[in-house]
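Each chain, written out:
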Amino acid sequence: METKEQLNLNHIIWLALGVALASLPHWQRLPLWIPIAHISLLAARIYIPLQLPDFWSQQKGTINIIRVLIMFAGVAGVYGSFGSLTGRDVGVALLVLLAGFKIFESKGKRDFYISTYLGYFLIITNFFYTQTIPTAIYMMIIIIIMTTGLVAFNDTEQQLTLIKRFKFSTTLLLQAVPILLILFALFPRVNGPLWGMPKDAFTSTTGIDDQMSPGTISNLVQSRDVAFRVTFEDTIPQQSKLYWRGPVLWQTDGRKWTSGKDHSEQEPAAIEFIGQATRYDITIEPSNKKWLFGLEMVSELPANTFFTNDYQLKTHEPIRKRQAYTLSSYSSFHINKDDYSNLERGLTLPELSHPKTRELASKLRGQFKKPTLIVQAALEWFKSEDFVYTLKPPLISGDMIDGFLFNTHQGFCEHYAAAFTVLMRAAGIPARIVTGYQGGEVNPLGNYLIVRQYDAHAWAEVWLEEQGWVRIDPTAIVSPVRINEGIDDAIPDAIINIPLGLKNNAMAYRLWQKMRNTVDMVNYQWAQWVLGYGPERQKRFLSNLGFKAINWKTLSFYLFVFLGIIVAAISAYIFKRTLNTTEPAKIYYNKFCAKLAMAGFQRKSYEGPVDYANRVSTMRQDLRTDIQNITNLYVLIRYCSKFNDNKLFQLKAAIKSFTSAKETSN
Amino acid sequence: MNMNEPAIARHIINIDKAIDAIGNIILGKENAIRLALTCLIAKGHLLIEDTPGVGKTTLAHTLAKVLGLDYQRIQFTSDLLPADILGVSVYNRDTCKFNFHPGPIFSNIILADEINRATPRTQSALLEPMAEHQVTVESETRDLPELFFVIATQNPTNQIGTFPLPESQLDRFLMCIELGYPDNNAERELLKGKNRKDLLADLQASLSITDLLKLQQQVEQVHVSDAILDYLQSLLDYSRTSGSYIHGLSPRAGIAILSAAKAWAVLNSQQYILPEDVQAVLPSVIGHRLQFVYEVSDKQATKPAEHLIQHVVIP
Numbered sequence: 001m002e003t004k005e006q007l008n009l010n011h012i013i014w015l016a017l018g019v020a021l022a023s024l025p026h027w028q029r030l031p032l033w034i035p036i037a038h039i040s041l042l043a044a045r046i047y048i049p050l051q052l053p054d055f056w057s058q059q060k061g062t063i064n065i066i067r068v069l070i071m072f073a074g075v076a077g078v079y080g081s082f083g084s085l086t087g088r089d090v091g092v093a094l095l096v097l098l099a100g101f102k103i104f105e106s107k108g109k110r111d112f113y114i115s116t117y118l119g120y121f122l123i124i125t126n127f128f129y130t131q132t133i134p135t136a137i138y139m140m141i142i143i144i145i146m147t148t149g150l151v152a153f154n155d156t157e158q159q160l161t162l163i164k165r166f167k168f169s170t171t172l173l174l175q176a177v178p179i180l181l182i183l184f185a186l187f188p189r190v191n192g193p194l195w196g197m198p199k200d201a202f203t204s205t206t207g208i209d210d211q212m213s214p215g216t217i218s219n220l221v222q223s224r225d226v227a228f229r230v231t232f233e234d235t236i237p238q239q240s241k242l243y244w245r246g247p248v249l250w251q252t253d254g255r256k257w258t259s260g261k262d263h264s265e266q267e268p269a270a271i272e273f274i275g276q277a278t279r280y281d282i283t284i285e286p287s288n289k290k291w292l293f294g295l296e297m298v299s300e301l302p303a304n305t306f307f308t309n310d311y312q313l314k315t316h317e318p319i320r321k322r323q324a325y326t327l328s329s330y331s332s333f334h335i336n337k338d339d340y341s342n343l344e345r346g347l348t349l350p351e352l353s354h355p356k357t358r359e360l361a362s363k364l365r366g367q368f369k370k371p372t373l374i375v376q377a378a379l380e381w382f383k384s385e386d387f388v389y390t391l392k393p394p395l396i397s398g399d400m401i402d403g404f405l406f407n408t409h410q411g412f413c414e415h416y417a418a419a420f421t422v423l424m425r426a427a428g429i430p431a432r433i434v435t436g437y438q439g440g441e442v443n444p445l446g447n448y449l450i451v452r453q454y455d456a457h458a459w460a461e462v463w464l465e466e467q468g469w470v471r472i473d474p475t476a477i478v479s480p481v482r483i484n485e486g487i488d489d490a491i492p493d494a495i496i497n498i499p500l501g502l503k504n505n506a507m508a509y510r511l512w513q514k515m516r517n518t519v520d521m522v523n524y525q526w527a528q529w530v531l532g533y534g535p536e537r538q539k540r541f542l543s544n545l546g547f548k549a550i551n552w553k554t555l556s557f558y559l560f561v562f563l564g565i566i567v568a569a570i571s572a573y574i575f576k577r578t579l580n581t582t583e584p585a586k587i588y589y590n591k592f593c594a595k596l597a598m599a600g601f602q603r604k605s606y607e608g609p610v611d612y613a614n615r616v617s618t619m620r621q622d623l624r625t626d627i628q629n630i631t632n633l634y635v636l637i638r639y640c641s642k643f644n645d646n647k648l649f650q651l652k653a654a655i656k657s658f659t660s661a662k663e664t665s666n
Numbered sequence: 667m668n669m670n671e672p673a674i675a676r677h678i679i680n681i682d683k684a685i686d687a688i689g690n691i692i693l694g695k696e697n698a699i700r701l702a703l704t705c706l707i708a709k710g711h712l713l714i715e716d717t718p719g720v721g722k723t724t725l726a727h728t729l730a731k732v733l734g735l736d737y738q739r740i741q742f743t744s745d746l747l748p749a750d751i752l753g754v755s756v757y758n759r760d761t762c763k764f765n766f767h768p769g770p771i772f773s774n775i776i777l778a779d780e781i782n783r784a785t786p787r788t789q790s791a792l793l794e795p796m797a798e799h800q801v802t803v804e805s806e807t808r809d810l811p812e813l814f815f816v817i818a819t820q821n822p823t824n825q826i827g828t829f830p831l832p833e834s835q836l837d838r839f840l841m842c843i844e845l846g847y848p849d850n851n852a853e854r855e856l857l858k859g860k861n862r863k864d865l866l867a868d869l870q871a872s873l874s875i876t877d878l879l880k881l882q883q884q885v886e887q888v889h890v891s892d893a894i895l896d897y898l899q900s901l902l903d904y905s906r907t908s909g910s911y912i913h914g915l916s917p918r919a920g921i922a923i924l925s926a927a928k929a930w931a932v933l934n935s936q937q938y939i940l941p942e943d944v945q946a947v948l949p950s951v952i953g954h955r956l957q958f959v960y961e962v963s964d965k966q967a968t969k970p971a972e973h974l975i976q977h978v979v980i981p
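As given, the protein sequences belong to chains F and Y, one line each in that order. Last residue of the first sequence? That's 666 in the working numbering, and every number before it is there in order. Last residue of the second sequence? That's 981 in the working numbering, and every number before it is there in order.
FYI, nobody ran anything at the bench for these hints, they're computed from the structure. Keep in mind that a hint or two might mislead.
To be verified - Using 25 Å as the maximum straight-line C-alpha spacing, the simulated SDA-like pairs for lysine to any residue come out as follows:
| id | chain 1 | residue 1 | chain 2 | residue 2 |
| --- | --- | --- | --- | --- |
| 1 | F | K164 | Y | Y911 |
| 2 | F | K167 | Y | S935 |
| 3 | F | K241 | F | T305 |
| 4 | F | K604 | Y | D892 |
| 5 | F | K289 | F | W529 |
| 6 | F | K595 | F | D622 |
| 7 | F | K595 | Y | P981 |
| 8 | F | K647 | Y | S935 |
| 9 | F | K586 | Y | Y911 |
| 10 | F | K363 | F | K383 |
Nothing here was measured: the structure is a model prediction, and the numbers come from that model.
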């Protein structure tokens with residue numbers, strides 16, 4: 001069929017607006033030329049017909065060639081930019097470009113619908129990148145705008161004002177909410193490739209890594225991103241006890257620390273736990289790494305995790321989506337044994353490095369002999385020298401450790417941990433660096449702990465013959481505030497993005513803090529209940545509803561039954577509203593109208609029977625007698641006083657035998 | 667659709683003649699003419715509203731003449747007084763008594779020309795005659811003839827020198843019709859043809875008083891089905907509950923719609939009302955009673971009556 005409804009400028013502008021807004025968040029992630037091309041195509045589609053009204057109808061051949069050419073140029077450009085035609089970013093880039101092309105060539109009804117669906121699809125793709133509440137709200141708004149465009153396109157008689165169109169599309173969206181909720185709750189969640197994201201979806205996440213050099217952690221501290229959130233079963237332990245253990249670093253080249261050779265195949269030595277366990281749930285943000293964080297020292301491992309022999313809690317797969325796990329830890333513990341190779345590793349230093357440090361170490365060793373006393377003395381030494389805890393230490397030339405210990409005296413936790421470990425190794429005491437997070441911010445609203453990237457920390461562990469591996473945090477000596485109160489107080493104006501001016505105003509600051517807490521709580525709930533609604537949570541939710549031991553097959557069955565009921569209920573309602581009559585004549589007449597509607601003559605709800613009959617008869621002369629006959633009967637039955645059941649019977653028979661397909665016989 | 671009807675009665679033939687006769691003078695306005703006659707058959711008063719020069723007064727004159735009733739024309743001006751319409755008592759020196767001299771109101775048809783140019787005081791002198799078919803002057807009530815119509819014309823209220831009719835007064839008119847400009851053909855014929863005044867003078871009455879009375883009788887006998895009452899009530903209900911209009915339609919408006927629709931059916935020789943009949947008379951019956959809450963900004967904005975029709979489902 002020819003598309004008779006030509007698109008007018010108004011429709012195109014709506015369409016372009018919706019699609020442009022849907023692709024807007026992608027622009028920053030795509031090579032610059034793609035958004036430019038996208039916008040140029042939209043602008044061209046709007047601008048060209050203004051100058052050349054007959055552009056699309058004339059010169060079809062040339063235009064087709066141009067269209068094909070720019071299409072190939074676009075695809076080639078994407079290949080050039082990404083070096084591939086698959087993957088998440090490439091897919092999105094192609095989609096953005098193609099949406100531009102489609103609108104550029106749109107001229108009829110069909111094009112309009114295809115472009116609109118492309119636009120809806122573009123909206124979804126934003127969730128590949130971010131799934132926050134603001135994103136969801138923004139996407140909802142675009143859905144409303146796109147739907148308003150659809151409403152405007154179908155409002156051929158221009159009966160609705162702009163506001164009414166918006167109202168209409170908003171109502172449509174709201175009507176979809178119950179279905180959304182049911183689909184969300186019941187749609188089978190499966191752990192499998194179907195739900196996986198393309199590999200390139202997980203890059204550039206910040207977080208602690210298995211290597212550390214000066215500046216690594218102080219860079220991390222600039223970030224307010226949440227690392228994980230913790231809900232304790234009982235009270236939240238003291239700030240100074242919150243050491244979240246992460247990667248353990250052994251190997252150094254004098255500047256950079258790494259975990260060195262992987263010893264994970266060795267079983268870790270048994271830990272002797274003392275006192276009471278603390279139980280807590282952690283929801284970790286995607287880090288794209290394999291570490292889970294737990295309080296020192298974790299006693300029970302969650303499923304699918306393992307301990308390395310230096311007690312790093314690791315998963316087999318990188319953490320690519322928000323994940324929840326439950327842990328229990330003991331704050332007092334003894335690690336009494338370790339194998340020889342680990343102790344050996346804990347003494348290795350690069351040859352001929354750190355001469356001054358070695359000198360100090362041998363001095364301490366000569367003086368104290370016993371390792372416990374040497375550790376004590378070293379910490380005393382840190383206290384007595386004038387060390388400063390700062391985020392922005394001066395640059396050190398030459399030997400890192402010597403320069404820091406004997407020259408600049410200014411450093412961040414990574415400097416202290418590294419210097420102390422080197423000093424211990426030089427003094428013959430096995431030592432290693434542990435990185436992770438320290439502390440966290442309590443959100444009183446949800447009574448949970450937020451650990452952010454700026455809580456990143458590094459400390460040392462030393463091997464003492466009688467006590468095993470013991471945590472020593474030199475930062476605690478230099479800046480006790482950092483450990484007891486948290487980083488906000490230790491380095492007042494360094495990091496945390498407190499809006500200017502708030503600091504001096506106690507009330508405003510408290511208000512701001514409260515707001516921040518509220519926002520974080522909402523996000524936490526969102527993360528737990530919306531984003532974290534995976535197979536596990538779905539199972540728990542459904543078993544709360546009484547559906548125990550459910551698998552995805554029965555779940556699909558329930559889903560369809562549920563949706564079926566809803567669709568049936570809605571249809572019944574609409575059906576009843578259209579019929580809304582007990583009069584048999586009206587019921588028959590509605591059937592007649594339905595037959596004619598199939599033939600393309602929809603009766604308007606306010607159109608009287610005679611008007612309708614006349615309208616259809618003028619267009620379908622072949623049906624005239626039938627239509628007039630049926631209408632006469634109907635009118636007599638419904639509007640005239642003199643009728644009998646015989647007429648009703650005639651009407652029924654006439655409508656039953658009525659068919660709109662007579663035209664072919666002529 | 668009148669298959670079961672007996673031979674078509676004389677008065678029906680005559681009304682068709684009347685429509686033709688008026689149509690010869692007012693060119694290309696058959697729908698307006700039909701509506702005007704419908705109004706009179708329904709025993710309602712008629713208001714014709716339009717800009718000067720489109721033939722309002724001619725239509726009023728033609729109607730009066732075709733109906734064969736005696737008629738009086740009153741030109742409304744700003745200094746017209748109630749006594750000029752109703753009549754006045756004059757002292758008779760011979761009998762030493764006041765004699766009542768009836769005003770032009772005492773006739774079958776009143777042509778109230780440019781009614782909105784008179785002051786509200788004079789306008790309201792028409793209230794009693796129109797509603798009660800009687801006149802009270804100097805505490806004496808006098809009846810008006812059984813057949814009594816007011817055909818008023820008015821200029822659009824935004825023109826200079828007009829006193830808009832108050833709603834209570836507007837409500838006395840069953841219908842308010844507009845003529846509008848003639849179409850191209852009608853205009854050409856009008857320019858080529860004779861002077862309308864001369865044509866009017868030659869016009870013969872096509873309907874007798876008995877015809878008119880019979881027609882009015884027939885209106886009462888038109889069958890109103892439940893389906894139509896449902897539809898009418900839906901219309902009234904929508905006008906009151908939708909929030910699109912300043913005031914909903916009053917019960918009196920509902921009655922007016924029904925009787926106009928019945929008259930329209932008679933004019934089409936039907937003995938029952940169809941939804942189409944209601945729709946046909948609705949714009950002129952409620953046009954002057956229904957207003958939008960807000961002005962729709964669109965140029966092609968629908969009128970309230972059309973809006974109402976399009977939003978109510980025919981049950």
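Comparing the hints with the structure gives:
This hinted pair checks out: K164 of chain F and Y911 of chain Y have alpha carbons roughly 16 Å apart, not beyond 25 Å. Proximity of K167 of chain F to S935 of chain Y is assessed by CA-CA distance (about 46 Å); at most 25 Å being required, the pair is judged violated. Restraint check: the Cα-Cα separation between K241 of chain F and T305 of chain F comes to about 24 Å, which is no more than 25 Å; the hinted pair holds. This hinted pair checks out: K604 of chain F and D892 of chain Y have alpha carbons roughly 21 Å apart, not beyond 25 Å.
For the proposed pair K289 of chain F and W529 of chain F, the alpha carbon gap of about 23 Å is at most 25 Å, so the pair holds. Distance check on the hinted pair: K595 of chain F and D622 of chain F sit about 15 Å apart at the alpha-carbon level, within 25 Å; holds. Restraint check for K595 of chain F and P981 of chain Y: satisfied, since their Cα atoms lie roughly 19 Å apart, inside the 25 Å limit. Simply put, K647 of chain F and S935 of chain Y have alpha-carbon atoms about 22 Å apart, close enough for the 25 Å limit, and the pair holds.
Restraint check: the Cα-Cα separation between K586 of chain F and Y911 of chain Y comes to about 31 Å, which exceeds 25 Å; the hinted pair is violated. Taking the CA atoms of K363 of chain F and K383 of chain F, the gap is near 17 Å; set against the 25 Å cutoff, the hint holds.
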